[in-house]
Amino acid sequence: MRPLAPSALCLLALLTAPANAESAAERLPACLACHGESGTSANPGVPSLGAMPADYVVTQLYLFRERQRVADPMNAMAEGLSDDDLRTLGDAVAKLPAPKPEPNPDPARMEAARALAAKHQCGSCHGADLAGQDQIPRVGAQREDYLLATLRAYKSGARAGYDPAMNEVAQGLSEDDITALSYYLAHR
Amino acid sequence: MPRSARLTGLLLAGLLLPLGPAGAQQAPSGTPTPGSTDGTAPKPAAAPAPAQDRGSALYGRPEGGEAAKLAPIAGPPLPTPAARLPLDKLKVPDGFKIEVYASGLANARSLAQGDKGTLFVGTRSLDRVYAVRTVDGKQEVKVIATGLHRPNGVVFHKGALYVAELSKIWRFDDIENNLDAPGKPVLVSDDFPKDEAHGWKFIAIGPDEKLYVPVGAPGNILNPPDTHAQIRRMDLDGKNVEVVARGVRNTVGFDWNPQTKNLTFTDNGRDWVSEDIPNDELNVLSEPGKQHFGYPFCHQGNFTDPEYGWGRSCAEFTAPAGLLGPHTAALGMRFYTGEQFPQAYRNAIFIARHGSWNKTQKLGGDVVVARLGTDGKMASLEPFLTGFLQDNRYVGRPVDVLVARDGALLVSDDYNGAVYRISAAR
Numbered sequence: 228m229r230p231l232a233p234s235a236l237c238l239l240a241l242l243t244a245p246a247n248a249e250s251a252a253e254r255l256p257a258c259l260a261c262h263g264e265s266g267t268s269a270n271p272g273v274p275s276l277g278a279m280p281a282d283y284v285v286t287q288l289y290l291f292r293e294r295q296r297v298a299d300p301m302n303a304m305a306e307g308l309s310d311d312d313l314r315t316l317g318d319a320v321a322k323l324p325a326p327k328p329e330p331n332p333d334p335a336r337m338e339a340a341r342a343l344a345a346k347h348q349c350g351s352c353h354g355a356d357l358a359g360q361d362q363i364p365r366v367g368a369q370r371e372d373y374l375l376a377t378l379r380a381y382k383s384g385a386r387a388g389y390d391p392a393m394n395e396v397a398q399g400l401s402e403d404d405i406t407a408l409s410y411y412l413a414h415r
Numbered sequence: 010m011p012r013s014a015r016l017t018g019l020l021l022a023g024l025l026l027p028l029g030p031a032g033a034q035q036a037p038s039g040t041p042t043p044g045s046t047d048g049t050a051p052k053p054a055a056a057p058a059p060a061q062d063r064g065s066a067l068y069g070r071p072e073g074g075e076a077a078k079l080a081p082i083a084g085p086p087l088p089t090p091a092a093r094l095p096l097d098k099l100k101v102p103d104g105f106k107i108e109v110y111a112s113g114l115a116n117a118r119s120l121a122q123g124d125k126g127t128l129f130v131g132t133r134s135l136d137r138v139y140a141v142r143t144v145d146g147k148q149e150v151k152v153i154a155t156g157l158h159r160p161n162g163v164v165f166h167k168g169a170l171y172v173a174e175l176s177k178i179w180r181f182d183d184i185e186n187n188l189d190a191p192g193k194p195v196l197v198s199d200d201f202p203k204d205e206a207h208g209w210k211f212i213a214i215g216p217d218e219k220l221y222v223p224v225g226a227p228g229n230i231l232n233p234p235d236t237h238a239q240i241r242r243m244d245l246d247g248k249n250v251e252v253v254a255r256g257v258r259n260t261v262g263f264d265w266n267p268q269t270k271n272l273t274f275t276d277n278g279r280d281w282v283s284e285d286i287p288n289d290e291l292n293v294l295s296e297p298g299k300q301h302f303g304y305p306f307c308h309q310g311n312f313t314d315p316e317y318g319w320g321r322s323c324a325e326f327t328a329p330a331g332l333l334g335p336h337t338a339a340l341g342m343r344f345y346t347g348e349q350f351p352q353a354y355r356n357a358i359f360i361a362r363h364g365s366w367n368k369t370q371k372l373g374g375d376v377v378v379a380r381l382g383t384d385g386k387m388a389s390l391e392p393f394l395t396g397f398l399q400d401n402r403y404v405g406r407p408v409d410v411l412v413a414r415d416g417a418l419l420v421s422d423d424y425n426g427a428v429y430r431i432s433a434a435r
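Chains as they are written, first to last, in the working numbering: chain D, 228 to 415; chain F, 10 to 435.
Check each hint, because a few of them may be wrong.
[What the hints assert, rightly or not] Within a straight-line C-alpha distance of at most 30 Å, the following computed DSBU-like cross-link-like pairs (lysine-lysine) qualify:
1) F:Lys125 to F:Lys203
2) F:Lys193 to F:Lys177
3) D:Lys382 to F:Lys177
4) D:Lys382 to F:Lys100
5) D:Lys346 to F:Lys193
6) D:Lys346 to F:Lys371
7) F:Lys219 to F:Lys203
Quick caveat, the hints were computed from the structure, so don't treat them as lab data.
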């Protein structure tokens, strides 16, 4: 298991998250305590959400609420939210600044992975700038550990995409490909 | 338990792992088989090196340029509120009217109606099956099953609802008397491949009292294994399986001709050859078990595949009865067997075209009506319900059509999570 080291702020937010009935606006600080107020997450395994397409956020929150995507603690966090709450949170997250890529990428690794990303046409759905669109997430400058875990989960089927596209694409990725792509995206 | 307490428990148990893959409840399992061959078909000469895995919807797409801007479109998981449905944009011919039958059914896909009038609706992106009941003249929507993996297919037969997941078919007995608490379903069959690509299923029961189940090609264009790109039929208990049609890339709608009793089905053509070809097909099965409908060698009856067609001829395969437009995603189809519509629609075929995604100028996003000539070929194809496509953007996407017991035509829309009702305005 990956080492668990969420920030104190994130832990505190989870421990003190108010009971179910609060509004989306009241719940937002708890979201940002872990995902990062600046749009960039500092917590292992927790994705950065800055400038994420609102439709993607709504879709994932919906899947968490309906337990169609199971990933603690998100199912509990999404419990009881109304459809309008999901839209409010999606819009709020989309307004955060885009995450900052990991600094100082290794040029050789980047070059090799650039060809791999072109081969697998990441940019065709996620956009040439990897910023995502509609229900397709921004993947540029995402946390490397999150990308690794996500691509592996798509490949194994542990995460069934809302649309099967990523499950289909991931079938053609080797573990080395996944490592290379995650590094590349995190540094883009 | 308040959430804070539960979260504390999670932390204490060391389970705070936002990605926890072990927790996924409905993981599609099994090894996909994209690209495998059956050993008998000739190997394509000088095939281009695959840029994409063959199970991907993007396989075969030209790199760069305008094509690279096109990708599948997944509808939103939240249903459009009734007041915001695009009803004012939807057009039907003079003499008909369209209204919202039911809303709030996120990702509404295939339709089936029970003997007592309950409408059953499957989903593809979600995990559930809906039932719509009419109570005091109003439609009530209820979720009757959850936790299913792409439960696209539904068919009602002799009191039971059959539901097709990606690789399993279930039967809910006496469903209309148990909508509030459907019993545990009976497994009819789980002997299906588990590929995600074209794995979701439309199902129907024929006049021969057999269950018809398609198994799509596990990717855009490939030489499918013997287990794929076909329609199977089986006894209602899942036994005595036989392949009735081969060379079928991906059918998501079929029905039986009320006059000839022949199985008639839509089939989605391959992607990425061109903006304009191949067409989706309307096919007729007249000799079960003996016909091959062309995939992957021949498309639309007259176009050999650029990669797999070499050494083959379209004359080897059963040609389509009609062409339904390039990339239009012709899905649900039913013969009109009701009495409500004018005589000219009797035994005509209503076809829901979900609408293209791999085409620059979108096409489809409508319900068309096809009529067959005396030779069994499609003699005409006319628009019936239009308006889902506005300025090259979808405001809705029709998936299935169903002739309701009262003769009205019901149309599902997975983009908005709604079902519309078209009736003859008298």
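**Request:** Could you grab the alpha-carbon distance between lysine 346 of chain D and lysine 371 of chain F and see if it respects the 30 Å cut-off?
**Result:** 26 Å, holds
**Prompt:** Given the hinted pair lysine 382 of chain D and lysine 100 of chain F, is their alpha-carbon gap at most 30 Å?
**Reply:** Measuring from Cα to Cα gives roughly 43 Å; hence the hint is violated.
**Prompt:** Taking only the CA atoms, is the gap from lysine 219 of chain F to lysine 203 of chain F under or equal to 30 Å?
**Reply:** 22 Å, holds
**Prompt:** Holds or violated: lysine 193 of chain F with lysine 177 of chain F, Cα cutoff 30 Å?
**Reply:** 15 Å, holds
**Asked** Is lysine 382 of chain D within 30 Å of lysine 177 of chain F, Cα to Cα?
**Response** Within the cut-off at roughly 21 Å; holds.
**Asked** Within a Cα-Cα threshold of 30 Å, do lysine 125 of chain F and lysine 203 of chain F meet the stated pairing?
**Response** At roughly 34 Å apart (the allowed maximum being 30 Å), lysine 203 of chain F and lysine 125 of chain F break the hint.
**Message:** lysine 346 of chain D and lysine 193 of chain F were given as a pair; does the straight-line alpha-carbon distance stay at or below 30 Å?
**Reply:** 46 Å, violated
Hint compliance for this structure: hints 1, 4, 5 are not met, and every other hint is.
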